[in-house]
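Colleague: What follows is the residue order along each chain.
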Amino acid sequence: MKTDQIILGIETSCDETAAAIIKNGREIVSNVVASQIESHKRFGGVVPEIASRHHVEQMTLVIEEALNQANIQYDDIDAIAVTEGPGLVGALLIGVNAAKAIAFAHGIPLVGVHHIAGHIYANRLIKEMKFPLLSLVVSGGHTELVLMEKHGSFKVIGETRDDAAGEAYDKVARTLNLPYPGGPHIDRLAQEGQPSIKLPRAWLEEGSYDFSFSGLKSAVINTLHNAEQRGEKIAPEDLAASFQNSVIEVLTVKTVQAAQQYQVKQVLLAGGVAANKGLRQALSEQFDGMEDVELIIPPLSLCTDNAAMIAAAGSVLFEKGKRAGLDLNGNPGLALESQ
Amino acid sequence: MKALAIDTSTYTLGIAVVDGEKVLGELMTNLTKNHSVRVMPAVETLMKECGVKASQLEKIIVASGPGSYTGVRIGVTIAKTLAWTLNIPLTGVSSLEVLAANGRYFDGLVSPLFDARRGQVYTGLYSFQNGYPVAELDDINILSTDWASKLKEFDRSILFCGNDVNIHRETLINILGDQAFFLPEHLGNPRPSELAFIGLKKEPVDTHSFVPNYIRLAEAESKWLEQQGS
Ligand SMILES: [Zn+2]
Numbered sequence: 001m002k003t004d005q006i007i008l009g010i011e012t013s014c015d016e017t018a019a020a021i022i023k024n025g026r027e028i029v030s031n032v033v034a035s036q037i038e039s040h041k042r043f044g045g046v047v048p049e050i051a052s053r054h055h056v057e058q059m060t061l062v063i064e065e066a067l068n069q070a071n072i073q074y075d076d077i078d079a080i081a082v083t084e085g086p087g088l089v090g091a092l093l094i095g096v097n098a099a100k101a102i103a104f105a106h107g108i109p110l111v112g113v114h115h116i117a118g119h120i121y122a123n124r125l126i127k128e129m130k131f132p133l134l135s136l137v138v139s140g141g142h143t144e145l146v147l148m149e150k151h152g153s154f155k156v157i158g159e160t161r162d163d164a165a166g167e168a169y170d171k172v173a174r175t176l177n178l179p180y181p182g183g184p185h186i187d188r189l190a191q192e193g194q195p196s197i198k199l200p201r202a203w204l205e206e207g208s209y210d211f212s213f214s215g216l217k218s219a220v221i222n223t224l225h226n227a228e229q230r231g232e233k234i235a236p237e238d239l240a241a242s243f244q245n246s247v248i249e250v251l252t253v254k255t256v257q258a259a260q261q262y263q264v265k266q267v268l269l270a271g272g273v274a275a276n277k278g279l280r281q282a283l284s285e286q287f288d289g290m291e292d293v294e295l296i297i298p299p300l301s302l303c304t305d306n307a308a309m310i311a312a313a314g315s316v317l318f319e320k321g322k323r324a325g326l327d328l329n330g331n332p333g334l335a336l337e338s339q
Numbered sequence: 001m002k003a004l005a006i007d008t009s010t011y012t013l014g015i016a017v018v019d020g021e022k023v024l025g026e027l028m029t030n031l032t033k034n035h036s037v038r039v040m041p042a043v044e045t046l047m048k049e050c051g052v053k054a055s056q057l058e059k060i061i062v063a064s065g066p067g068s069y070t071g072v073r074i075g076v077t078i079a080k081t082l083a084w085t086l087n088i089p090l091t092g093v094s095s096l097e098v099l100a101a102n103g104r105y106f107d108g109l110v111s112p113l114f115d116a117r118r119g120q121v122y123t124g125l126y127s128f129q130n131g132y133p134v135a136e137l138d139d140i141n142i143l144s145t146d147w148a149s150k151l152k153e154f155d156r157s158i159l160f161c162g163n164d165v166n167i168h169r170e171t172l173i174n175i176l177g178d179q180a181f182f183l184p185e186h187l188g189n190p191r192p193s194e195l196a197f198i199g200l201k202k203e204p205v206d207t208h209s210f211v212p213n214y215i216r217l218a219e220a221e222s223k224w225l226e227q228q229g230s
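Residue numbers (the UniProt record's numbering), protein chains in the order written: chain A, 1 to 339; chain B, 1 to 230.
Incorrect hints may have been included.
[Said to hold, decoys possible] In silico DSBU-like pairs for lysine-lysine, Cα to Cα no more than 35 angstroms straight-line:
1) B:Lys2 to A:Lys322
2) A:Lys155 to B:Lys33
3) A:Lys23 to B:Lys59
4) B:Lys152 to B:Lys223
5) A:Lys41 to A:Lys277
6) B:Lys201 to B:Lys22
7) B:Lys2 to A:Lys2
8) B:Lys53 to A:Lys23
9) A:Lys320 to B:Lys202
10) A:Lys41 to B:Lys2
11) A:Lys265 to A:Lys233
No lab work stands behind these hints: they were computed from the structure.
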């Protein structure tokens, strides 16, 4: 008798074509990611049309690899979980339509998954969730504090009002003439420099868990510009360290405050920027001393986009009875709370 | 042989289920609606109506472009995923070749075309052998004025077909005069059953590596190549 729950996950929201098989919502059986980053580097960012073209090239190969590595038959699969949004619409459509074709061909149930729900659930592949929990989601397109009272329930208690943290990283990196993607370069430079340059921290109103990074980004650009006009040279590693300090301080302080206010049992870091060393360090230091809150930081491979996280979120949503029809569409503006 | 044909390269959505020489069912709409939402439900409905199960399919045929980038990608993604997951052969047919079939009994050459904005068209030139279209020239993305001038040299009657012909009708008549012929409006839609039967005659492709024939590079790509050259 079959007892294990097997989910096939598919993810194509940006520039990674990914498929994965996970067992019982928590165990990775296979996790295949084909990155397009080399192709997009020459453009200094992800070009949507080119991303969509690459997804068509890679899609069936990546799913086949995930099935082969897992040694799984279609009969074994309980559901197909696919990212329905948010993301680049043309890119989302490839994963969604591939998922629908497989679901139709073999009569397998289909579940649409919110990309950020996936990032949060990447943590469940490391450690079982304990509720209530708080997740700090930081990526190229998102900066959010998400409160979860139970599985599959997401409440956004704070979000960015302008740029996402990852966006600010990319723009500052471009100002410093660092190659794309800029985040890891700033993180590396910051480790070598001193946070000696005074930059603003946007705390916003008392008690707000929202974020704002556009002022900080402008301050960095102005600082460089003014120094140039005075004929002075600013050490890029010091500027990187100062910028990173400002971002991380705001993220960390707000996360700690929210964790205390909502008395959460766990704090989960999620999203591509979770790969940032400075952020990992700062959060670890903050939560080290707190006995009743457990901090979980996924390994780098689960922070960046992958399909295991989509399958992990899909596993829970499937259990809760969520199903998508063959009319499932890619939705670039999908709201997390509608999940 | 039971086969499923899918065409989403223009606003016309076309699905056909055929068995050997026989069309079991055909579905065609000409609406500015979202293919991504409609294709799979249409496939499911038509196959159910025709009493054909996915596991009974022996071949998938898809219109491979040119056309709307997103549109073609939806059809190709569904077709290649179905072919791969059902482990059956896949064939791609030029979206223009499918449309050319509407001019089968015309005494002359057939030029199917889709508008490509800014005075341009996606088009090709076809004759017929044993009732099937044969490309006289490769499918091309070209200014309609340049295309008409090129066709002038053939000194033959040319039949233009497609829903976008009216956009370029004046240009074509100006240059080609009474060399130019046009189909009635209702024959402007590519027929999915034509796609199916043209595809059944063609060799299968390698499913994994199959991609649309966009004809054009992505804009960012051509700009980048230009910069490399300069
Ligand atoms: Zn992501």
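Colleague: Please name the hints from earlier in the document that this structure breaks, with their numbers sorted from lowest to highest.
Modeller: Violated hints (numbers, rising): 9, 10 and 11; every other hint is consistent with the structure.
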